[in-house]
Amino acid sequence: MLFLDKEQQGLPYFLVVLRFMNNDRNRQIHEITGQLRLIWKEPILFLLILLIFYFLFTFVVFPIFQVVKNSVYIGGKWDFSNYVAIFSKRYFIQPFFNSIILGIYTATLGSIAGFIFAYALTRTSLPFKNFFRTTATFPIISPPFIVALAAILLFGRAGSFTPWVKSIIGNYSIYGLSGLVLVETIAYSPTAFLVLYGVLEAIDPSLEEASMDLGASWGKVFTTVTLPLATPGIASAWLLVFIQSMADFGNPMVISGNYRVLSVQAYLQITGMYDLPRGSTLAMLLLLPTITAFFLQKYWVSRKSYVTVTGKPTGATIKNLEWYIKLPIYSACIIYAGIVLLFYGTIVYGSFQTLWGVNPTLTLKNYVEMFEVGKDYLYHSVLLSSIATPVTGIVGIFISFLIIRKNFIGRGLMEFISMLTFAVPGTVVGIGYILAFNQKTVLMPVVLTGTAWIIIILLIFRDMPVGIRSGIAALQQIDPAIEEASTDLGADSNTTFRKITLPMIAPAFFSGLAFGFVKAMTAISAIIFVVSGRWNLITVAILGFVDNTQYARAAAMSIILIIIILVALGLIQLFVNRVGKGVRMTTIIE
Amino acid sequence: MIEAFLELKELVKIFGGGKDTVTAVNHVNLKVREGELVTLLGPSGCGKTTILRMVSGFELPTSGKIFIDQEDVTTTPPNKRPTAMVFQNYALFPHMTVAENIIYGPKIHGISNQAARKKAEDVMKLVGLEKLGNRSPSHLSGGQQQRVSLARSLIMEPKVLLLDEPLSNLDAKLRVSMRLEIRKLQQRVGITSIYVTHDQEEAMSLSDRVVILKDGVIQQIGTPLEVYARPDNRFVADFIGKANFLNTIVEDVTPDGDVTINLLEQKLIIPKAKKSFKKNNKAFLVLRPESIILEKKKPDTITGIIREIVFLGNQMTYMIEIAKQLVTVEMSNPQECESFENGEEVSIKLPVKCLHLLPWEEEE
Ligand SMILES: Nc1ncnc2c1ncn2[C@@H]1O[C@H](COP(=O)(O)OP(=O)(O)OP(=O)(O)O)[C@@H](O)[C@H]1O
Ligand SMILES: [Mg+2]
Numbered sequence: 001m002l003f004l005d006k007e008q009q010g011l012p013y014f015l016v017v018l019r020f021m022n023n024d025r026n027r028q029i030h031e032i033t034g035q036l037r038l039i040w041k042e043p044i045l046f047l048l049i050l051l052i053f054y055f056l057f058t059f060v061v062f063p064i065f066q067v068v069k070n071s072v073y074i075g076g077k078w079d080f081s082n083y084v085a086i087f088s089k090r091y092f093i094q095p096f097f098n099s100i101i102l103g104i105y106t107a108t109l110g111s112i113a114g115f116i117f118a119y120a121l122t123r124t125s126l127p128f129k130n131f132f133r134t135t136a137t138f139p140i141i142s143p144p145f146i147v148a149l150a151a152i153l154l155f156g157r158a159g160s161f162t163p164w165v166k167s168i169i170g171n172y173s174i175y176g177l178s179g180l181v182l183v184e185t186i187a188y189s190p191t192a193f194l195v196l197y198g199v200l201e202a203i204d205p206s207l208e209e210a211s212m213d214l215g216a217s218w219g220k221v222f223t224t225v226t227l228p229l230a231t232p233g234i235a236s237a238w239l240l241v242f243i244q245s246m247a248d249f250g251n252p253m254v255i256s257g258n259y260r261v262l263s264v265q266a267y268l269q270i271t272g273m274y275d276l277p278r279g280s281t282l283a284m285l286l287l288l289p290t291i292t293a294f295f296l297q298k299y300w301v302s303r304k305s306y307v308t309v310t311g312k313p314t315g316a317t318i319k320n321l322e323w324y325i326k327l328p329i330y331s332a333c334i335i336y337a338g339i340v341l342l343f344y345g346t347i348v349y350g351s352f353q354t355l356w357g358v359n360p361t362l363t364l365k366n367y368v369e370m371f372e373v374g375k376d377y378l379y380h381s382v383l384l385s386s387i388a389t390p391v392t393g394i395v396g397i398f399i400s401f402l403i404i405r406k407n408f409i410g411r412g413l414m415e416f417i418s419m420l421t422f423a424v425p426g427t428v429v430g431i432g433y434i435l436a437f438n439q440k441t442v443l444m445p446v447v448l449t450g451t452a453w454i455i456i457i458l459l460i461f462r463d464m465p466v467g468i469r470s471g472i473a474a475l476q477q478i479d480p481a482i483e484e485a486s487t488d489l490g491a492d493s494n495t496t497f498r499k500i501t502l503p504m505i506a507p508a509f510f511s512g513l514a515f516g517f518v519k520a521m522t523a524i525s526a527i528i529f530v531v532s533g534r535w536n537l538i539t540v541a542i543l544g545f546v547d548n549t550q551y552a553r554a555a556a557m558s559i560i561l562i563i564i565i566l567v568a569l570g571l572i573q574l575f576v577n578r579v580g581k582g583v584r585m586t587t588i589i590e
Numbered sequence: 001m002i003e004a005f006l007e008l009k010e011l012v013k014i015f016g017g018g019k020d021t022v023t024a025v026n027h028v029n030l031k032v033r034e035g036e037l038v039t040l041l042g043p044s045g046c047g048k049t050t051i052l053r054m055v056s057g058f059e060l061p062t063s064g065k066i067f068i069d070q071e072d073v074t075t076t077p078p079n080k081r082p083t084a085m086v087f088q089n090y091a092l093f094p095h096m097t098v099a100e101n102i103i104y105g106p107k108i109h110g111i112s113n114q115a116a117r118k119k120a121e122d123v124m125k126l127v128g129l130e131k132l133g134n135r136s137p138s139h140l141s142g143g144q145q146q147r148v149s150l151a152r153s154l155i156m157e158p159k160v161l162l163l164d165e166p167l168s169n170l171d172a173k174l175r176v177s178m179r180l181e182i183r184k185l186q187q188r189v190g191i192t193s194i195y196v197t198h199d200q201e202e203a204m205s206l207s208d209r210v211v212i213l214k215d216g217v218i219q220q221i222g223t224p225l226e227v228y229a230r231p232d233n234r235f236v237a238d239f240i241g242k243a244n245f246l247n248t249i250v251e252d253v254t255p256d257g258d259v260t261i262n263l264l265e266q267k268l269i270i271p272k273a274k275k276s277f278k279k280n281n282k283a284f285l286v287l288r289p290e291s292i293i294l295e296k297k298k299p300d301t302i303t304g305i306i307r308e309i310v311f312l313g314n315q316m317t318y319m320i321e322i323a324k325q326l327v328t329v330e331m332s333n334p335q336e337c338e339s340f341e342n343g344e345e346v347s348i349k350l351p352v353k354c355l356h357l358l359p360w361e362e363e364e
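For the protein sequence lines, the chains are U and S, in the order given.
The opening position of the first sequence corresponds to residue 1 in our numbering, with each subsequent residue numbered one higher.
The opening position of the second sequence corresponds to residue 1 in our numbering, with each subsequent residue numbered one higher.
If you're looking for bench data, these hints aren't it; they were derived computationally from the structure.
No experiment lies behind these values; they were computed from the predicted model shown.
Be careful, since some hints might not be right.
[Unchecked claim] Within a straight-line C-alpha distance of at most 27 Å, the following computed DSS-like cross-link-like pairs (lysine-lysine) qualify:
| no. | chain 1 | residue 1 | chain 2 | residue 2 |
| --- | --- | --- | --- | --- |
| 1 | U | K220 | S | K159 |
| 2 | S | K274 | S | K242 |
| 3 | S | K80 | U | K220 |
| 4 | S | K119 | U | K220 |
| 5 | S | K80 | U | K326 |
| 6 | S | K125 | S | K184 |
| 7 | S | K107 | S | K131 |
| 8 | S | K65 | S | K159 |
| 9 | U | K129 | S | K19 |
| 10 | U | K220 | S | K118 |
[Unchecked claim] Stretch-level coverage of chain U by chain S, calculated; a stretch enters the list once three of its residues show a Cβ under 8 Å from a Cβ in chain S:
| no. | stretch |
| --- | --- |
| 11 | 207-220 |
| 12 | 224-236 |
Idealized CB from N, CA, C, for every residue including glycine.
The shape of chain S in the complex, shown without the other chains:
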C-alpha cells in the first residue's frame, strides 16, 4: 500500500451543462508519496490540466475528494492551499522585476522585505538566477523565465509543486537540459510534484511514476519502465514509444499464468503474463521495434519477408511482413549489425523477456 501524501479520490470534473457537457476528468484515483514526482501524461484534451487545476484549487471537482498531507483540501480556495503552480506560460508579472516576482509570495504572506529578499537569494542561487534579480521578465530568455517561475513557486516551500507543461514553450535542446535540471532540483529539494506533459519522452525521463490518461480516465499508473515494458492496454502501448501489435490466439494457459501462443506454427511461451487469458482467446502480442532481432534465415524459426528498409544513420528500420502483418524492426548501430536485402526472407528472434501479451481489443 502506498503511503499517500497527496491523494485524489474518485475525482470527477464535468464541464458545461445540457448538450455540451464534457467529462474532463472521470473517476480518477491517485496516491502520490512524499517527495515523489508523478507525471500526468496523455494526449491533448485528456484532462491533465483540469486535474492540476483541481489540485491547485482553481476548479472545484464535480465530485470526489483531494487530500494533501491527510488534510481534505477539496474546497479550500487556491490562496489557502499548500500548493504552488508553475504555469505553462510562466505567468510572470510583467510589471515586476525578477526579484520582485520571486518575493511576491513571501510578501503576500507577511514576511518582511528583508527576510524575503534573503530567502529569494537562496532560491535564485538554487535555480541559477544569480545576478538577474533586477531584470524585467520580458528581458529574459525562455529558459530563464522558466527558472524564475520555478523559483517563485519554490520559495513558497509548498507541500505539492504543480507543473503544467512547463517546458512546452522552450526549444527542443533547451527542453532536454531543463528537464534534467528540474528533476535534479526536485530531488534535491525533495518536493512532492505533479508534472503535466504530453511529451512521453519528457515523462519517461523525469518521473518516478507516470499516470497515463485518456478522455479523463486513467489508463495505467506505473514506473516509466513498467508502462513501457508492460503496458496495460493497447492505448498505453501505442502512446508510449513505438509498438507492433501481432494478432495471435492463446493456445494454452498454465495455472501460474504462463501463456502459450502460436505464431506461424512456432510456439511462444509468455511467462507470468500480466493479464489473465483463456484458451482460444484472441490476443495481441506487443513487440517493441528494438526488441526484435533479425537473423539470416534458419529452419524452424519464425520468418518474415523484408518489405522496406530505411536508413537513419544511427539506426536501420526494416518493415517486415510476418503472418500477413507488417512489423517494424529497429536495429541500432547498423554498421556493426548484419544487413539484409529488400525482399529477403529472414528469421526473427523474440527474446522471451521482451514479450508482452494483451487481451484482444476491437480496433477503434
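This is chain U alone, in the form it adopts within the complex:
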C-alpha cells in the first residue's frame, strides 16, 4: 500500500510527455519510487491507510467471509449439502421466493408512490409542498417496523379499523404478504421518493416545454419525454427499494405471520435453533440477490442515465395543468399523506391507551412504565449511537477523501470494500459478527461478543455508507484547485486537510452525521444479533414489547425514540444552518 498524492504528480511538462511515451514498466518503477518517497514524506497518512485497511478487513470482509465459510464448512470439513439442498428443501426455497416476491411488490408499489409524490412536487403547483415533502420522507427517520406496529393497531386482531375492513372484504389477516407489502411500501417509498425527486428535478423543464411546444398534450409529454428520461432513475429507485425490502427484518418479524422470509428465518435458525450452517446459508441466499441488485443499480442503471446536453437552464416552470390531471395526482398525494399520518398518529394515540382495543382510557402510565423498564435501553441507544456516529463520520470522510483525491496502490480495493458495506443486508452482517467475534482470532485478539464494543463497531460500519456518501458530497463542495493552492504554498497534505478541506466540508459533513445518527438509533436487523443482557438497545426492546403484544408500551417507546431523533436532528440542523449549506438527503441515500 504505497501511495502518491495526486497533487504531487505535478511533474514538469516534458517529464509528463516522457512518461507518456515510456513503456509500462518504466512507469511502474517511477510510480513506486514516487510512492516510496511519499511514505517517507507523509508517514502518518501511510499509517492511516494501513489502519483503515485493517478495519475494513476485520469489520467488513471478515464477518462476510465467516458467513460464507459457515455455510460450506460444517463440522470441521467442507460440506456443500446446504447448497445442494437449496432447490429441494422448503426451508430454503420458500423463504427465498417469498422474500423476492415481497421485494418485487414493495419495490413496485413504493416506486409508484414515490414517483407520484416526486412528480407532484416537481411538476405541479400542489399547495403545501413542504407538508407533503415532510410527510413523504418522515418514515425515514423512524425505525421501519413502527409502521408494522401501527398496522397491527389499525388492522390487527383488535385493530380499530378491523371490523370496518372485515365488513367490506370479509375475513382477512394483516399478518402475511399483503400486510407486509403495505407496511414496507410505507416504510421504504421515501427512498424511492428521494431518488425520483432528484431525478425529476434534474430533467431540464425546457425539454418538456419543447415537447408541448411541438404540439404534445400533457399525456404525450409525459409518455414521450418525462417517463423515458426518468426511466433509469425509476429503475434505480426500484432496485434500492427492492434491496431494502429484501433486507428488512423488523417488519417481517412483527407482521409476517406464516409468510416466511429470509431475514427472519435466518435469525430464527441462528438464535432459536443454533443451526449456524443453515442460518448462514439463508443469509447467503439473502446476500446474493441484494448484491446483484446493488451492482445492477450501481453500474448498469446509473450508466444509462441521460445527461442533459447543454448549458444555461431556463428556470423551472410550473405548468398550468388541466384539472383532470391535477385531480388524480393531488388525490393520490393527499390519500397517501393521509395514510402516513394515520399510521404515525395511531402510534401516538396508542401510546396513551390503557390497553389497545380493550380499554381505551387515556393514560400516561405507558410512558411512566416505559421509563422504568426502558431507561437503560434508551440510555444505551443514545450513548452508543453518539459514540459511533462521529467515528463513522470521520472515518467515512477520510475514506472518501482517500478514494476521491489520493492515488495509492489498493485504492480500488478500498473503494470496493467500502461499497460492500452499502450492499450487504443487516441480517448477514449480524450473523457475520457473531460468527467472527465470539472467539479470539488473529485479526481481533479479544472476544467482542457481549461487549458494548461490538455494538459500537457494528453501528460504525453499518453506517459507513452514510459516512462515505456524506464525505463524497462534502468533498464535492470544494474545488481541488483550492487544495492545490494550499499544497503549493508549502502545506503538506495533513495541514491542507485540516486547514482547508475540513472547514469547507463541515456543513455537509454534519448533515451527513445527522442522518448517520438516525440510522444508528433506528438500526435493528444487524444489531439484534449482537445485543446482550448487559448492552441492549431501544429498537430491540420495542420489538420485544411488540412480540409480547405490549403494543401500548411499544408505541410509547417508539414515540420517545422519534422525539429523541427529532431533537437531535433539530440541533444538528441548527448548527449546520449556522456554518453554511448542508447536503441533501438524496446524495446520502442513493
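Please build the complex by placing chain S with the ligands on the supplied structure of chain U, with the hints as guidance.
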C-alpha cells in the same frame, strides 16, 4: 399603418405577489408583419424571455392580448398554438436521435412515419444536417445542435418562429456565421420570427426591426439604422453602439422643427430634430464616436484638447475634452488619417447628418 400578422396588445405580465412582485412586462404593444424578423433586445431581466413565453403560451399574460393571423390566442395552450420555439439551450431530447427529434412534432400531429421522415429530410437539407440523422444529440457540436433545434421547429411550419437567445451557447466565431445562416434561412422560408437577444450586434445584423426593452417597457421600435442613428432616448443611444452625450442648450427652434444649439460659441443647426424642443431647454447632443472628424486646429471652429490616445490596430481612439466634457472619437484606418499628439488642440467637425438631439434627462 402596419399590417399586423402577430400583434401584442397592451401586454402586461406581473410575477409573484405581495412584497416580491415583479412587473416583468409592462404594457407592451407590438405589431409584426408577415415574414418579418423582429428582435427583442435589452439587458438581462428586461422581460424578453417573458414576452416570448407569453407568445408561445407558456405564460399567461396578466392582462393584454395576443393575436396571430387575426386570431386571439391569448389563452390558447402552447400545444395548440401555431408557434414554434427554439430554446436557448436547444432542449433536444437526449433519448432520441437527431432524426427522431426532428420528426417528433409531425408524429405528434399524427403524420405517418414515412411522410414525416421525408419531410425531415428536406428540412435537414435546408439547415445542412444531412447524414447526421442517426446521431445522438449529445454527439453533436453546439452549432449542429442549434441546427437540429431549428429544424425541429421549422418542420412544424409554424406561423411564428420564436428564438430565445439561440446563439448564446456558441463561441464567438460560430455565433457570427450562424446568425447569417439563420437570417438567410428565415428569409428563404419567409417565416415571421421573433428573435430574443441581448447582443446588440446580433440584433443589428439580422433584424428587419429591433425592439429595445428596459424593465419590461418598450423604449423604441425601429429598423437597425433608425435605432442607431436616431435613438429615442438616452438609454437606447447608450445601449446600441457607443455614444457621446454633450450637454447643450437650445438656442432657437423653427416652426418646421430645425433646432439651433450653441456649442462652444459655434452654432449648430439640427434639421428636423426627431423630438420637439423649446427655446432655452437643456438638451443632449448625441454623437457617435466614428462620426466625429478631427482636423488640425483652424480658427472659428469647435475645438477640443486631446487627453488620451489608444491605438487598436484597425482604429485609433482619442479622448477629447470639449467644453469640459470628455468625448470619445474613433478613427478607422489610422495609417491613412492624420495623427495627433496628446495635449494637442484640434478642430472638430460634426457632419450635420450625424447630429442627433435628445431632450434632457436627469442622469440616473
Ligand atoms: N417565473 C417567474 N417568477 C417570478 N419572476 C420571474 C419569473 N420569470 C421571470 N421573472 C422575472 O421577470 C423579469 C424578466 O425576466 P425575463 O426572463 O423575461 O428576462 P430576460 O430579458 O429574458 O433576461 P435574460 O437576458 O437574462 O434572459 C426578471 O426580473 C425575472 O426575475
Ligand atoms: Mg431570457
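Hints, verified against the model:
About 23 Å separates the Cα atoms of K220 (chain U) and K159 (chain S), which keeps this hinted pair within 27 Å; it holds. Between K274 (chain S) and K242 (chain S), the direct Cα distance comes to roughly 20 Å. Compliance with the 27 Å bound is thereby established for this hinted pair. Distance hint between K80 (chain S) and K220 (chain U) is fulfilled; the C-alpha atoms sit about 13 Å from each other, no more than 27 Å. As the CA atoms of K119 (chain S) and K220 (chain U) are separated by approximately 22 Å, the hinted pair is consistent with the 27 Å bound.
For the hint pairing K80 (chain S) with K326 (chain U), the CA-to-CA distance comes to about 20 Å; that is within 27 Å, so the pair holds. A C-alpha spacing of about 14 Å is found between K125 (chain S) and K184 (chain S), which places the hinted pair at or below 27 Å, so the restraint holds. Proximity of K107 (chain S) to K131 (chain S) is assessed by CA-CA distance (about 21 Å); at most 27 Å being required, the pair is judged to hold. Only pairs whose Cα atoms come within 27 Å are accepted, and K65 (chain S) paired with K159 (chain S) is accepted, the gap being roughly 17 Å.
Taken as a hint, the K129 (chain U) and K19 (chain S) pair is honoured in the structure, with Cα atoms around 21 Å apart against an allowance of 27 Å. Proximity of K220 (chain U) to K118 (chain S) is assessed by CA-CA distance (about 23 Å); at most 27 Å being required, the pair is judged to hold. Coverage of the stretch 207-220 of chain U by chain S holds in this model, with 11 residues showing a Cβ closer than 8 Å to a Cβ of that chain against a need of three. Counting residues of the stretch 224-236 of chain U whose beta carbon lies closer than 8 Å to any beta carbon of chain S gives 4, which reaches the threshold of three, so the coverage claim holds.
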